[in-house]
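Heads up: the sequence lines are chains C and X, in that order. Okay, so the first sequence: first residue is 1 according to this note's numbering, each after it adds one. Okay, so the second sequence: first residue is 1 according to this note's numbering, each after it adds one.
Do not take every clue at face value.
Below, in silico cross-link-like pairs of lysine to any residue (SDA-like), each with a Cα-Cα straight-line distance of 20 Å or less [stated by the list, open to error]: (1) C:Lys165 <-> X:Thr110; (2) C:Lys149 <-> C:Glu67; (3) C:Lys54 <-> C:Gly37; (4) C:Lys75 <-> X:Thr110; (5) C:Lys165 <-> X:Asp192; (6) C:Lys104 <-> X:Ile145; (7) C:Lys75 <-> X:Asp208; (8) C:Lys57 <-> C:Ser88; (9) C:Lys134 <-> X:Glu187; (10) X:Lys101 <-> C:Ala128; (11) C:Lys121 <-> C:Ser27; (12) X:Lys207 <-> C:Gly162; (13) C:Lys57 <-> C:Thr44; (14) C:Lys34 <-> C:Ser60; (15) C:Lys165 <-> X:Ala64; (16) C:Lys165 <-> X:Ile150; (17) C:Lys57 <-> C:Leu93; (18) C:Lys75 <-> X:Thr210; (19) C:Lys165 <-> X:Glu187; (20) C:Lys134 <-> X:Met204; (21) C:Lys48 <-> C:Phe99; (22) X:Lys164 <-> C:Gln169; (23) C:Lys151 <-> C:Gly63.
Don't read these hints as lab results, they were simulated from the structure. Note that the coordinates shown come from a computational prediction; the quantities given were computed from them, not determined experimentally.
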Amino acid sequence: MNRSIRLLVAATVVAAAVGLAWHFWPSEENRIRKAIGGMAADATFSGKEGNFAKMAKIESLAGHFTEDADIRVDKVVDLDSGLHGRESIRQVLTAGMPFIGALKVQVHDVTVEIVDETHAKALMVASAQGGGQKDIAAQEFQLKMVKEKGKWLVGAVEAVLGYRKPVIQ
Amino acid sequence: MFIGPESHGAPRPKKPCETEEPGPSGRNEVKTPLPNWVDGLGSEPIQGMSDATIESGETGSRPAWWQVVLVGRNPRFTAVRIAAYVLLVVVVFGCILIPIKVAGPSMEPTYKIGQVNAVNRLSFKFHPPARGDVVGVRMAGESVIYLKRIVGLPGERIRFRRGKVYINDEPLDEPYVRHPAPWNEAEMQLGDDEFFIVGDNRTMPAKDHTHGAFRRSDLIGRVVL
Chain C
1 MNRSIRLLVA
11 ATVVAAAVGL
21 AWHFWPSEEN
31 RIRKAIGGMA
41 ADATFSGKEG
51 NFAKMAKIES
61 LAGHFTEDAD
71 IRVDKVVDLD
81 SGLHGRESIR
91 QVLTAGMPFI
101 GALKVQVHDV
111 TVEIVDETHA
121 KALMVASAQG
131 GGQKDIAAQE
141 FQLKMVKEKG
151 KWLVGAVEAV
161 LGYRKPVIQ
Chain X
1 MFIGPESHGA
11 PRPKKPCETE
21 EPGPSGRNEV
31 KTPLPNWVDG
41 LGSEPIQGMS
51 DATIESGETG
61 SRPAWWQVVL
71 VGRNPRFTAV
81 RIAAYVLLVV
91 VVFGCILIPI
101 KVAGPSMEPT
111 YKIGQVNAVN
121 RLSFKFHPPA
131 RGDVVGVRMA
141 GESVIYLKRI
151 VGLPGERIRF
161 RRGKVYINDE
171 PLDEPYVRHP
181 APWNEAEMQL
191 GDDEFFIVGD
201 NRTMPAKDHT
211 HGAFRRSDLI
221 GRVVL
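Taking the hints into account, I'd like the entire structure generated from these sequences.
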């Protein structure tokens with residue numbers, strides 16, 4: 001075996017080892033990214049799910065939030081009071097279940113800042129596209145992540161407005 | 001197939017470019033440098049010339065047509081060329097242009113949903129953002145960006161009155177806006193680092209249209225097309 005082949009094999013082995021380590025022992029930042037990605041996956045509906053499948057997805061989606069999770073989106077929609085607690089999130093999602101058609105939710109440009117061992121902040125853009133529609137709605141969100149029982153959960157969601165909005169008269 | 005006087009067995013007059021060399025049989029062979037486009041003829045013996053062969057001189061080492069299609073006549077040069085193209089694409093689309101696909105109606109009719117375009121990151125390096133520029137504006141990153149038009153510049157006062165834009169109390173001529181809804185908004189004083197950005201499609205209520213004062217650092221660049 002000549003030298004270049006040995007080098008190639010060594011590089012492949014090292015790359016595979018790094019890939020495996022990244023997959024099986026992810027950093028806290030990657031765990032948070034996976035949690036946020038999982039939340040987006042649970043918020044995505046093909047439109048062909050039955051009610052049981054929708055219920056299961058809603059249950060799973062609510063499970064991404066802490067018991068006392070706080071959602072504030074008043075900067076972008078008329079929902080002044082926001083949502084407080086996992087149970088109210090579950091109730092709102094369940095109430096909206098009959099109206100859920102096909103919906104594709106994706107997260108983009110996630111940046112994670114680890115505050116301490118059990119707390120982190122994440123900034124991201126979430127986009128949503130209804131089934132059969134070309135129009136995509138996008139919004140920036142700031143998340144406060146909390147680690148509970150080894151799992152990263154969303155403690156707070158706040159819609160971020162990256163610009164000054166004029167006052168509509 | 002070449003048909004000439006040689007096919008009748010008549011001696012062929014020697015051309016100035018032909019050379020006579022002793023062949024393997026000891027007899028002289030006529031070598032004619034043929035152009036590439038007659039390669040198909042070059043390998044075929046001409047009738048009536050049993051004591052002479054015509055060789056192209058390249059037929060033996062010529063790669064198969066599928067090799068030429070796949071990797072070219074010179075694979076090493078092709079590899080270098082592909083690497084150069086890949087590098088060019090990485091540099092252009094990684095550092096200079098951001099390819100975009102319009103995914104909302106806010107810039108209609110100028111830019112329609114599904115249209116493909118690109119934002120030039122370097123455009124503001126040479127000329128500052130100007131009124132009327134259609135620009136890409138970043139959100140948390142550059143994967144999802146706003147596509148809007150600059151209507152207000154730093155330090156200006158701007159307001160909407162019955163769907164018309166007023167800059168420092170002067171109405172702004174906007175030929176790109178069709179059928180604007182009667183937006184009414186309070187006057188806004190732009191800061192030294194702020195640009196007022198709005199889409200061309202103002203047929204919807206103002207609250208449903210993302211617009212306002214964005215910082216200079218949020219402007220990525222002008223659209224190319």
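Here's how the hints hold up against the structure:
1. C:Lys165 <-> X:Thr110: violated (23 Å)
2. C:Lys149 <-> C:Glu67: holds (13 Å)
3. C:Lys54 <-> C:Gly37: holds (18 Å)
4. C:Lys75 <-> X:Thr110: violated (29 Å)
5. C:Lys165 <-> X:Asp192: holds (17 Å)
6. C:Lys104 <-> X:Ile145: holds (18 Å)
7. C:Lys75 <-> X:Asp208: holds (13 Å)
8. C:Lys57 <-> C:Ser88: This hinted pair holds, its Cα atoms lying about 16 Å apart.
9. C:Lys134 <-> X:Glu187: With Cα atoms ~34 Å apart, Lys134 (chain C) and Glu187 (chain X) exceed 20 Å; violated.
10. X:Lys101 <-> C:Ala128: holds (15 Å)
11. C:Lys121 <-> C:Ser27: Roughly 15 Å between the alpha carbons, so the hint for Lys121 (chain C) and Ser27 (chain C) holds.
12. X:Lys207 <-> C:Gly162: Between Lys207 (chain X) and Gly162 (chain C) the Cα gap is close to 16 Å, so the pair holds against 20 Å.
13. C:Lys57 <-> C:Thr44: Holds: Lys57 (chain C) and Thr44 (chain C) sit about 9 Å apart, inside 20 Å.
14. C:Lys34 <-> C:Ser60: Answer holds: Lys34 (chain C) to Ser60 (chain C) is near 14 Å, not above 20 Å.
15. C:Lys165 <-> X:Ala64: violated (66 Å)
16. C:Lys165 <-> X:Ile150: holds (15 Å)
17. C:Lys57 <-> C:Leu93: Distance of about 10 Å is within 20 Å: holds.
18. C:Lys75 <-> X:Thr210: OK: Lys75 (chain C) and Thr210 (chain X) at ~12 Å, within 20 Å.
19. C:Lys165 <-> X:Glu187: Holds. Lys165 (chain C) to Glu187 (chain X) sits at ~11 Å (cutoff 20 Å).
20. C:Lys134 <-> X:Met204: holds (17 Å)
21. C:Lys48 <-> C:Phe99: holds (13 Å)
22. X:Lys164 <-> C:Gln169: holds (14 Å)
23. C:Lys151 <-> C:Gly63: Measuring from Cα to Cα gives roughly 11 Å; hence the hint holds.
Comparing the model with each earlier hint shows violations of hints 1, 4, 9 and 15; every other hint is respected.
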